[in-house]
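**Q** What follows is the residue order along each chain.
Number of protein chains: 2
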Amino acid sequence: MKVALAQLNYIIGDFEGNCDKMTGAVERAKQAGADLVVFSELSVTGYYPHDLLEKKEFIRMAEETVRRIARSCRGIAAIVGAPRINDNERGKTLYNSAFFLADGKIQSVHNKTLLPTYDVFDEYRHFEPNSEFHVAEYKGERIAVTICEDLWDEQPTANEFGKNKLYRISPMEELAGPNPDFVVNISASPFSYNQENWRKDVLVHKAKKYHIPIVYVNQTGAQTELIFDGGSVFIDAGGEIVKELKYFEEDFLTVDTGNPGDAELQPVTGRIEKIHDALVLGIRDYFGKAGFRQATLGLSGGIDSAITAVLAVEALGAENVRVLLLPSRYSSDHSLEDARQLAENLKIKYDIVPIQEVVDAFEKGLTSLFEGTRQDITEENIQARARGIYLMAISNKFGHILLNTTNKSECAVGYGTLYGDMNGGLAVLGDVYKTDIFRLARFMNREREVIPENTIVKPPSAELRPDQKDTDSLPEYEILDEILFSFIEQNLSPGEIEGKGFDPEVVRKVIRMVNTTEYKRFQAAPILRVSSKAFGFGRKMPLVGRY
Amino acid sequence: MKVALAQLNYIIGDFEGNCDKMTGAVERAKQAGADLVVFSELSVTGYYPHDLLEKKEFIRMAEETVRRIARSCRGIAAIVGAPRINDNERGKTLYNSAFFLADGKIQSVHNKTLLPTYDVFDEYRHFEPNSEFHVAEYKGERIAVTICEDLWDEQPTANEFGKNKLYRISPMEELAGPNPDFVVNISASPFSYNQENWRKDVLVHKAKKYHIPIVYVNQTGAQTELIFDGGSVFIDAGGEIVKELKYFEEDFLTVDTGNPGDAELQPVTGRIEKIHDALVLGIRDYFGKAGFRQATLGLSGGIDSAITAVLAVEALGAENVRVLLLPSRYSSDHSLEDARQLAENLKIKYDIVPIQEVVDAFEKGLTSLFEGTRQDITEENIQARARGIYLMAISNKFGHILLNTTNKSECAVGYGTLYGDMNGGLAVLGDVYKTDIFRLARFMNREREVIPENTIVKPPSAELRPDQKDTDSLPEYEILDEILFSFIEQNLSPGEIEGKGFDPEVVRKVIRMVNTTEYKRFQAAPILRVSSKAFGFGRKMPLVGRY
Numbered sequence: 001m002k003v004a005l006a007q008l009n010y011i012i013g014d015f016e017g018n019c020d021k022m023t024g025a026v027e028r029a030k031q032a033g034a035d036l037v038v039f040s041e042l043s044v045t046g047y048y049p050h051d052l053l054e055k056k057e058f059i060r061m062a063e064e065t066v067r068r069i070a071r072s073c074r075g076i077a078a079i080v081g082a083p084r085i086n087d088n089e090r091g092k093t094l095y096n097s098a099f100f101l102a103d104g105k106i107q108s109v110h111n112k113t114l115l116p117t118y119d120v121f122d123e124y125r126h127f128e129p130n131s132e133f134h135v136a137e138y139k140g141e142r143i144a145v146t147i148c149e150d151l152w153d154e155q156p157t158a159n160e161f162g163k164n165k166l167y168r169i170s171p172m173e174e175l176a177g178p179n180p181d182f183v184v185n186i187s188a189s190p191f192s193y194n195q196e197n198w199r200k201d202v203l204v205h206k207a208k209k210y211h212i213p214i215v216y217v218n219q220t221g222a223q224t225e226l227i228f229d230g231g232s233v234f235i236d237a238g239g240e241i242v243k244e245l246k247y248f249e250e251d252f253l254t255v256d257t258g259n260p261g262d263a264e265l266q267p268v269t270g271r272i273e274k275i276h277d278a279l280v281l282g283i284r285d286y287f288g289k290a291g292f293r294q295a296t297l298g299l300s301g302g303i304d305s306a307i308t309a310v311l312a313v314e315a316l317g318a319e320n321v322r323v324l325l326l327p328s329r330y331s332s333d334h335s336l337e338d339a340r341q342l343a344e345n346l347k348i349k350y351d352i353v354p355i356q357e358v359v360d361a362f363e364k365g366l367t368s369l370f371e372g373t374r375q376d377i378t379e380e381n382i383q384a385r386a387r388g389i390y391l392m393a394i395s396n397k398f399g400h401i402l403l404n405t406t407n408k409s410e411c412a413v414g415y416g417t418l419y420g421d422m423n424g425g426l427a428v429l430g431d432v433y434k435t436d437i438f439r440l441a442r443f444m445n446r447e448r449e450v451i452p453e454n455t456i457v458k459p460p461s462a463e464l465r466p467d468q469k470d471t472d473s474l475p476e477y478e479i480l481d482e483i484l485f486s487f488i489e490q491n492l493s494p495g496e497i498e499g500k501g502f503d504p505e506v507v508r509k510v511i512r513m514v515n516t517t518e519y520k521r522f523q524a525a526p527i528l529r530v531s532s533k534a535f536g537f538g539r540k541m542p543l544v545g546r547y
Numbered sequence: 001m002k003v004a005l006a007q008l009n010y011i012i013g014d015f016e017g018n019c020d021k022m023t024g025a026v027e028r029a030k031q032a033g034a035d036l037v038v039f040s041e042l043s044v045t046g047y048y049p050h051d052l053l054e055k056k057e058f059i060r061m062a063e064e065t066v067r068r069i070a071r072s073c074r075g076i077a078a079i080v081g082a083p084r085i086n087d088n089e090r091g092k093t094l095y096n097s098a099f100f101l102a103d104g105k106i107q108s109v110h111n112k113t114l115l116p117t118y119d120v121f122d123e124y125r126h127f128e129p130n131s132e133f134h135v136a137e138y139k140g141e142r143i144a145v146t147i148c149e150d151l152w153d154e155q156p157t158a159n160e161f162g163k164n165k166l167y168r169i170s171p172m173e174e175l176a177g178p179n180p181d182f183v184v185n186i187s188a189s190p191f192s193y194n195q196e197n198w199r200k201d202v203l204v205h206k207a208k209k210y211h212i213p214i215v216y217v218n219q220t221g222a223q224t225e226l227i228f229d230g231g232s233v234f235i236d237a238g239g240e241i242v243k244e245l246k247y248f249e250e251d252f253l254t255v256d257t258g259n260p261g262d263a264e265l266q267p268v269t270g271r272i273e274k275i276h277d278a279l280v281l282g283i284r285d286y287f288g289k290a291g292f293r294q295a296t297l298g299l300s301g302g303i304d305s306a307i308t309a310v311l312a313v314e315a316l317g318a319e320n321v322r323v324l325l326l327p328s329r330y331s332s333d334h335s336l337e338d339a340r341q342l343a344e345n346l347k348i349k350y351d352i353v354p355i356q357e358v359v360d361a362f363e364k365g366l367t368s369l370f371e372g373t374r375q376d377i378t379e380e381n382i383q384a385r386a387r388g389i390y391l392m393a394i395s396n397k398f399g400h401i402l403l404n405t406t407n408k409s410e411c412a413v414g415y416g417t418l419y420g421d422m423n424g425g426l427a428v429l430g431d432v433y434k435t436d437i438f439r440l441a442r443f444m445n446r447e448r449e450v451i452p453e454n455t456i457v458k459p460p461s462a463e464l465r466p467d468q469k470d471t472d473s474l475p476e477y478e479i480l481d482e483i484l485f486s487f488i489e490q491n492l493s494p495g496e497i498e499g500k501g502f503d504p505e506v507v508r509k510v511i512r513m514v515n516t517t518e519y520k521r522f523q524a525a526p527i528l529r530v531s532s533k534a535f536g537f538g539r540k541m542p543l544v545g546r547y
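Residue numbers (my numbering), protein chains in the order written: chain D, 1 to 547; chain Y, 1 to 547.
All clues stand as given, with none of them false.
Since copy identity is lost for identical chains, a pair holds within one copy or between any two.
Derived EDC-like pairs (lysine to aspartate or glutamate); straight-line CA-CA distance at most 20 Å:
#1 LYS56 / GLU498
#2 LYS500 / GLU489
#3 LYS349 / GLU371
#4 LYS397 / ASP376
#5 LYS469 / ASP333
#6 LYS540 / ASP14
#7 LYS2 / ASP35
#8 LYS540 / ASP119
#9 LYS397 / GLU363
#10 LYS165 / GLU89
#11 LYS540 / ASP51
#12 LYS274 / ASP201
#13 LYS397 / GLU380
#14 LYS30 / GLU250
#15 LYS364 / ASP351
#16 LYS55 / ASP119
#17 LYS200 / ASP251
#18 LYS458 / GLU337
#19 LYS349 / GLU337
#20 LYS56 / GLU496
#21 LYS397 / GLU371
#22 LYS397 / GLU379
#23 LYS540 / GLU57
Rather than coming from a laboratory, the hints here were simulated on the basis of the structure.
Between the sequences and the hints, there should be enough to build the whole structure, so can you do that?
**A** Encoded structure:
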């Protein structure tokens, strides 16, 4: 059968726009001579609509949109993803469904069986798991229609201290019975740099195990924190990936499942380049889908704000990025100079607004209240918050979204001032460890010096007091990041991390810093997710406790 | 059988402290001649530990604590709640379990079948549902051990547009087979003012349906947003509530299930009083469990900050509450006077710090950047943020937690400045509509004028520009709150809300305000939950979308 893979970028709840995109792809597939066009999971609504799924009107509009798309399917079939009301007497209100459309109508519906409810996934909140299995039939072929996680039944549990597999049921075992000609998997699988090959391995394994071709269609585009990387594939019955669609952008391809021809694969890119591409898409879609064009941020002369500015320029264009340089009495000359140099390299508008006067005014207002106390973090925070006010003033006055520049290492240990440098509509680097920040800088400078060399090589400092350096109170970033990765991504205990050879005192200190700063991250901006465990809604920790 | 109901307040992850409390109650029950002492759901860990459940060490410590408590059970049995590793080959790593302890050992384990995964509940994220049923046997009696939701199988789905019941299985149907003598239900059921009788109705219905007594033990105390109200009960086989434990505090009671004696019920209190008690407990436990004693907040002379101050004084004591009065050029004299009067009525320390000088300093710094622009919300936000900086300075310097004073009506429509008056470690009133704020004020003034009358009767205003009133841009609060309740708590569509008789234009405007300010609430402080649908982790909406 000739199948078109339509890898598209959807907007959540934009039924009109998503429908136009999908009927456009139906038309394109028809012209390419395809028998069937396949879209991704919950394509009609965009993935993931969260509690909009609890609104009757939302479900009604999704149903209507499915019927509209069905009407465009004449001489061609389509598989689209949408929620569907559960007609049974018991269970959750909805199924997460794939609709098989042909001859202007819904021909069959296939519900999702395995509902991921871990990390950033929350599907059992809204959906009833499927327990009935049937294949779609079209033009004499039998198609096993599955939805994303349905092929992941053999994965171990997310937290590996049990040895169990996560699911009790194997949809493919059930669907293998009727001996289908090929499998379709409609998916919404977000990017994460430490799972990049896992997805392909799972699909290849299933193709080999059942000796059956798989058509896998993922969505692309960012939905706030989650960045969907596309990379849809066709895998033949021998488990070879024969076709591969682009990463981080829309793509379209037609393949004959019985005779797929030569391999057409995407160029192999490195981990840092993928993170870079993911973040650019994350910024671009956050702005585009929210209806904004312009970003602002503060350039400190440090590496985090420099990286953020470069990404913003790539995502939005230099003409849409405006920065402030906000020196205090502790800012070094070279910091201001490095920041200015970067702004000029990027050709972005910048203004210099010294903050000392407002800081002095605050301190004057507090003189009598602070009598007899010593300078401490309070005064440092006032500087960070004064900068935050200036940046938000630009944001409010000119309609720019403020980009937050905090990296994951800082975010983890709570380095960052709430209502100060933690401000922002989107945290661009909040899932990128500092050691990767340096790698990103080298990647960005691979052709010419965009980020001033001095910004990269100088010792990191918040410059909130004289001669301050990050390493005054933190271990070297190489060590810090390994400890953090062990604790956050790998969920290891302090004892296990010490067992890797780290100083027990340092390990305990770092973990204490992570655990005692949950309250700060609770109020942080949404963080673009690029790892397997980002701060945000995929990692829920009690704010108050004694563990 | 003589059963002790131990209604306790746990700290999440405080295995040592929880264990001491529980073994203390075992001892007390023994002395009261009880055969069995019953604790609440996940009592060993505190409810709810969220992703701490993904940490091996956490589970190991929970197991150890169960065994420690078991060793204290000699001559008496106990039922405690804790997570337990799933030994099966498939499924989630854990069960949410009740352990039946006697003779120094774990005698049997009973796993939770119905795992609430809606609103603030997230149990399927961590737990595998039970599918095997057995009763505990002790001293010749058979006990059907159930966990919270296990008795809620007949509830309709949370979003009522399907007509289905939420669950496929009825644990009581399964457990009724062996003909148990009574039911134990260990629970962690949070307070919400619009579901206060639902819980009792469910229990009474089950007792009547199976003609069986029910021992129901809930936890008390607040865990950040969630406030558990206790109110444990014993219900006889006829469905009569015979014993009822206190609300919003720890309590202990022994009952003979075969011969419960006369009814002992709690005094009936009104809705506003319950909200009041819930909020006081919410503040007290947030501070106490986080290891803080002192609060600060800004008094504007308005009703929201007044209510917050009164609650803080009740929760923490007047000596632990310190406020700032932060007048700007738009603050009216009466506001400052009302605020001062309230501080004096409450006998709390207050300082007056005028903000005009710092606001002027900011505006001076922005002069050239803002050339040619008009005054707008930017300048109003600078005032709110300057106040935020002063309050956070007190918080940082003296170790006070800043209390946020935003009410639910404001929070819903996005009235409030991010990094300004939205600052705070805990949002005390974020789940209380403005119309209820006025009722709370009347309740607080029932004996003497604590809150100045003028604060209650004057038209609400943010005082961020001359003669500003809330009703300049919002409908009257009576109307606004009804629209908001219909949209947020009842999940009605705009059409359905208009059908109640509201002006369609006003309805559309209010809903648009709610939908377009998700990004603000995303960064809001944790909100004490008192309703059936609070902002926070029980209501997840996409930040970016077109719906």
